[in-house]
Amino acid sequence: MKKKSFLDSVADSTFIQILISIILGFLVGAIFLMIMGLSVGAAYGRLINSVTSLKGFSYVVVYSVPYIVAGLSVAFSFKTGVFNIGAEGQFVVGSMAACVVSILCPNIPKPLLIPLCFLAAMAAGALWGIIVGFLKTKWGINEVLSMIMFNWIAFYLSNFIAGLPAIKSEGSAEATKNIAANASMLFSKDFIKRVGLCPTANWGILVAIAMMLIVWFIIEKTTLGYELKAVGSNKFAAEYGGINVNRSILTALAISGALGGLAGALQLMGMGSRISIFSSQEGFGFAGIVVALIGVSNPFGVFVSGLFYGALMYGGSKLNLVGAPTQLINVIVGTVVFFIAISVIFKNLNRRRARANRNAEAAIDKRASLQKEDKK
Amino acid sequence: MSKEYVDMSTPVIEMRNIVKKFGDFVANDGINLTVHKGEIHAILGENGAGKSTLMNQLYGLLKPTSGDILVNGKKIVMNNPRDAIDAGIGMVHQHFMLVQPFSVTENIVLGTEPVKGVKLDMATARKNVVEISERYGLSIDPDAKIEDISVGMQQRVEILKALYRGADILILDEPTSSLTPQEIVELIAIMHNLVKDGKSIIIITHKLKEIKESADFCTIIRMGKYIDTVDVDKVDENDLASMMVGRKVSFKVDKPEQTPGEVVLDVKDLHCKDYRGIEIVKGLNLQVRRGEIVGIAGIDGNGQTELVEVITGLRKGVSGHILVNGTDVFNKPPRFGFEHGVSSIPADRQKHGLVLDFSIEDNLILQNYEENPFSKRKVLQRDPIFKHATQSIDGYDIRPRQSEKRPAGTLSGGNQQKVIIAREVQNDKDLLIAVNPTRGLDVGAIEYVHKYIVDQRNKGKAVLLVSFELDEIMSLSDVIDVIFDGQIVCSIPGKDANENDLGLMMAGGGKKS
Amino acid sequence: MTNFWNSFGIILYATLIYATPLLYAALGSCFSEVSGVVNIGIEGMMTAGAFTGTVIAYFTGNPWIGFLCGGLAGAFFGMLHAIATVNLGADQTIAGTAINMLGPGIVIMIAKVLFNSTDTVPLTASQKIPKLFSGVFDTSTVFGRFMDNVFANYASTYLVFLAVIVVWFVFYKTRFGLRLRACGEHPQACETLGINVIAMRFTCVCLSGFLAGLGGACVTMTVSTQFRPISIVGQGFIAIAAVIFGKFRPHGALVGCLLFGFCSGLKVVLGGSSGINMHLISMIPYVVTVIVLILFVGKSRVPAANGKPYIKTK
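Protein sequence lines correspond, in order, to chains P, C and R.
Residues in the first sequence are numbered consecutively from 331, following this note's numbering.
Residues in the second sequence are numbered consecutively from 351, following this note's numbering.
Residues in the third sequence are numbered consecutively from 4, following this note's numbering.
Keep in mind that the hints are not guaranteed to be accurate.
[Said to hold, decoys possible] Straight-line Cα separation of at most 27 Å, DSS-like style, residue types lysine-lysine; simulated pairs:
1) C:701 - P:565
2) C:605 - C:755
3) C:809 - P:551
4) C:623 - P:468
5) P:565 - C:809
6) C:413 - R:302
7) R:302 - C:666
8) P:565 - R:311
9) C:726 - P:565
10) C:755 - C:737
11) R:134 - C:701
Since the hints were made in silico from the structure, they are not lab data.
Isolated chain P (complex conformation):
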């Protein structure tokens, strides 16, 4: 066996490719900082400092929760062959559903109200996914197109609901009332103060971890996951094998949508505590796409990339303290994603080699079998 060259290990390991992409992302960021005449050390130092303290890290975790779950939503869709560009809309309707439930039934005890809010959010998100799936399976309407439409419909629907008298804040704020105390996932004020966490510290991350495990289990371990993946990678073979393709597409979109909706509820009940009347889309769903891409659609990868993204978002918000623009973060993340996209050249390299190996193997096989025949 030949010793692996560095290039071979890069070609074989997605992890190393992503790591290199991340390094390149920060390099490009550094170049921009230098062009602007800013100190790279100061900016990146600030970034690192702001996320490594206990309080800072608790912020990162809190920030990450909706990104992780939205990322899982998109990753799940990728695994099952659809591109859930509609996570944005699912996030918005999920968040609003949880908000409405908590405002209308504030007196339900906490252990009931929180799951109820989750359920409402997941149902709303799933519904958003199923509508798109239905348009696709029934009328053959391109899902990317309808998801883009339903993202905006969700956006205006949310604004509409936020303005209804029963929901709208009594003050002058252009937002909903605060969610019921019983629907809040925040740790107690005492606990936060004693440990020294950020004021919005909450246990949402546990839900994110649970979702990560559930998604992994469904995709890797269950017959449902088998079906959805089969439909995703080759719907003709899946249909031939007896899988109901349309039902699978609907199921995949429903699950993906439910996760998107849940991400919205977690954001609301963990840190937002109310929903503003937006002037533009907030972009959690689009962030989910990025998180899923960096995590190569692997649930564990998504978890880590969600934390990474959360860290950048939180740390990035502190960048202006050293005079660096927050948008630097977008440039860094954009560059990372760009390099992940082109890291396929390594895979292509690999594939070409695999093809050559395959041909060689076939030839060797054939030679062996011919020799066998000759001996007879």
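Once you have looked at the hints, place chains C and R on chain P.
Frame of chain P; chains C and R shown alone:
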């Protein structure tokens, strides 16, 4: 062949000591080829022998690692097909290179379009196309869309594409693979017309009979190596075969006599439409009994594809009955048919047969992943799945070994087909449908596939074989049903069949009036 | 009657205002998608164009130089997308997502450096794209007012309709167009006929960025006079939707953009006059698009090789 048009003093193509490597793999290892003006030259070799690689170098799609290519006595280096076209070389690929939603004319002129100012001059284009098609007797409809015309016409379009570019040397890659016997006769006539006109033709094939019928000379390649160039008149089919394979081959399939049992598949008055909504199966009746192989002979497009799709539940029919062991599976989902006794080896193994991204072990449970022991309470059981894969890989000689977790897409075509056969045979259903089961496989794999199909019959299963290879139908079938225009027009015992009669009936000559 | 003509004029005016940038971007999207490259980076390319257009117009004082530079900025990001997807065979969706982050990220950072704000300085009237036929119509009559509303429109709007005709002509009547469509259907066939698929697709993706950039510049150089981070919010995606709606044909995309623009225009008029909730009215364009799709358009046939990287074997 009389070689009456061959001008032995004028070599138009000389390939000298061509070597082509992909990484460590040597696809062509010192190949020589000389083709003269007015000559039909066959290149014979098994799949994977390196024929296509050689021709792709002659057409500028690949660059030789070493060796020279001379066209009309002049050494040339080709960087892309444009250079080959300029040198007067045209190629008709096995998988047609036609743009489906474009018209015939658009496809022919693409890349060398006539223009008037900045505007495409489609009127002139059409005129030129009609002119050239009449000159060589290649009838086409210049305005039809490719997706609406027959395979035979598509091939004529491909030949016209080359002629339109002024090709003097034509490379035809497996040109007969989807043609009927009659269409093959027509093609050979067209080839003769062309050499009479001073063109030269290189035909890549593994069909010996066609070489005997059409070619003047034949160059044999085996496992990337040059074996010999022979005068076709001086050898017979058996000589060619042993040169191609490197050993003696028997084309006969051993099949013990046996009396068929009760009817397993009974198709009654079946009607269905094709993807355009045109009726293509028109009241078809068909029976397959236990312990027999029924072969469906027919030209592509006469409803056999749709027939199989309706039986397996992939397509909805209009009316009729499909009884499998007495249960009507007509317009039931694929799973229903499977549960009532239908298994099948699909025509397109990469489209219907396998999920290429899935591992071999997962592909082997495509229909029964929900059954014990592969899953329990909706959770996949990896150990039994793996064990099942190991057994299948050993039992069905799937190479390489220990490939349980490898994606199916990384296997060679023959081994992919073995995965499907392993799965379908082990499903152990009463009816096995096999559609073009050996398409694209080499001789060794073909023998293997045939053995398993006959084994199933010997075990008392009912086998329905649909194939465009008439030889395959004739050597395997106990009963041959000829399909024409959506109906079975005749049914004859396999041992009584002869190729000419079958060919005539496939073309509609035997239609009941 | 007077009211009707006034409202109708305003609706048509708004239709054109909304549809113009979408149309530029949609034409761009057509080039890319039809040649076989999925380009969801249109949004980011529009943002780059919007910023660059205003900034260059601000510094040169010439709107047309600004407009052109907006296109070039879009083309630059188009080129990035082309290098990744066409030359290196990258996943087109991932690369497009990267462009959508990089485009806004980079220009907003530059805005910070130049203006110490994420917004640019508003353009003066002479730095904006001029209106044609302004004051030509007698606005004291109902009909004149109607004509003024509809036809006294920005030059970029007139230009885009011209562009639709040109793109249609290029697609269906020229050699370039025939080859471009063939590349999106069967790149291998093109290669065997000596057409350079890589060069073709590269050109088309750059062109798509150029047109998207122009579309972005239209947003910030006409009605609105400055670039803000929310200048481009989803128009790029709507343009992509319009192209799918129009079955990947420039004239189809025109219908999609006009329908969308018209609904947005309706929204403006209804929002002002009726008592219906503004947010519900805002949904109209999206809901109508879906309904029209179900009722009249149905399945859109995607070019056969769309989204599949074309890798030449050497």
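Is the Cα-Cα distance between residue 726 (chain C) and residue 565 (chain P) 27 Å or less?
holds (24 Å)
For the pair we were handed, residue 302 (chain R) and residue 666 (chain C), check the Cα-Cα distance against 27 Å.
Roughly 20 Å separates the two Cα atoms, so the pair holds.
27 Å Cα cutoff - pair residue 413 (chain C), residue 302 (chain R):
violated (42 Å)
Would the pair residue 134 (chain R) and residue 701 (chain C) pass a check requiring their Cα atoms to be no farther apart than 27 Å?
This hinted pair is violated, its Cα atoms lying about 56 Å apart.
27 Å Cα cutoff - pair residue 605 (chain C), residue 755 (chain C)
violated (36 Å)
Within 27 Å, alpha carbon to alpha carbon, are residue 565 (chain P) and residue 311 (chain R)?
Cα-Cα ~17 Å, so holds.
Holds or violated: are the alpha carbons of residue 565 (chain P) and residue 809 (chain C) at most 27 Å from each other?
Roughly 33 Å separates the two Cα atoms, so the pair is violated.
Can you confirm whether the C-alpha distance between residue 623 (chain C) and residue 468 (chain P) stays at or below 27 Å?
Distance ~20 Å between residue 623 (chain C) and residue 468 (chain P) Cα, so the pair holds.
Could you grab the alpha-carbon distance between residue 755 (chain C) and residue 737 (chain C) and see if it respects the 27 Å cut-off?
Measuring from Cα to Cα gives roughly 12 Å; hence the hint holds.
Taken at face value, is the distance from the CA of residue 551 (chain P) to the CA of residue 809 (chain C) at most 27 Å?
violated (36 Å)
Hinted pair, alpha-carbon criterion (27 Å max): residue 701 (chain C), residue 565 (chain P). Please report holds or violated.
Judged against 27 Å, a Cα distance of about 9 Å means the pair holds.
Of the numbered hints stated above, those contradicted by the structure are hints 2, 3, 5, 6, 11, listed in ascending order.
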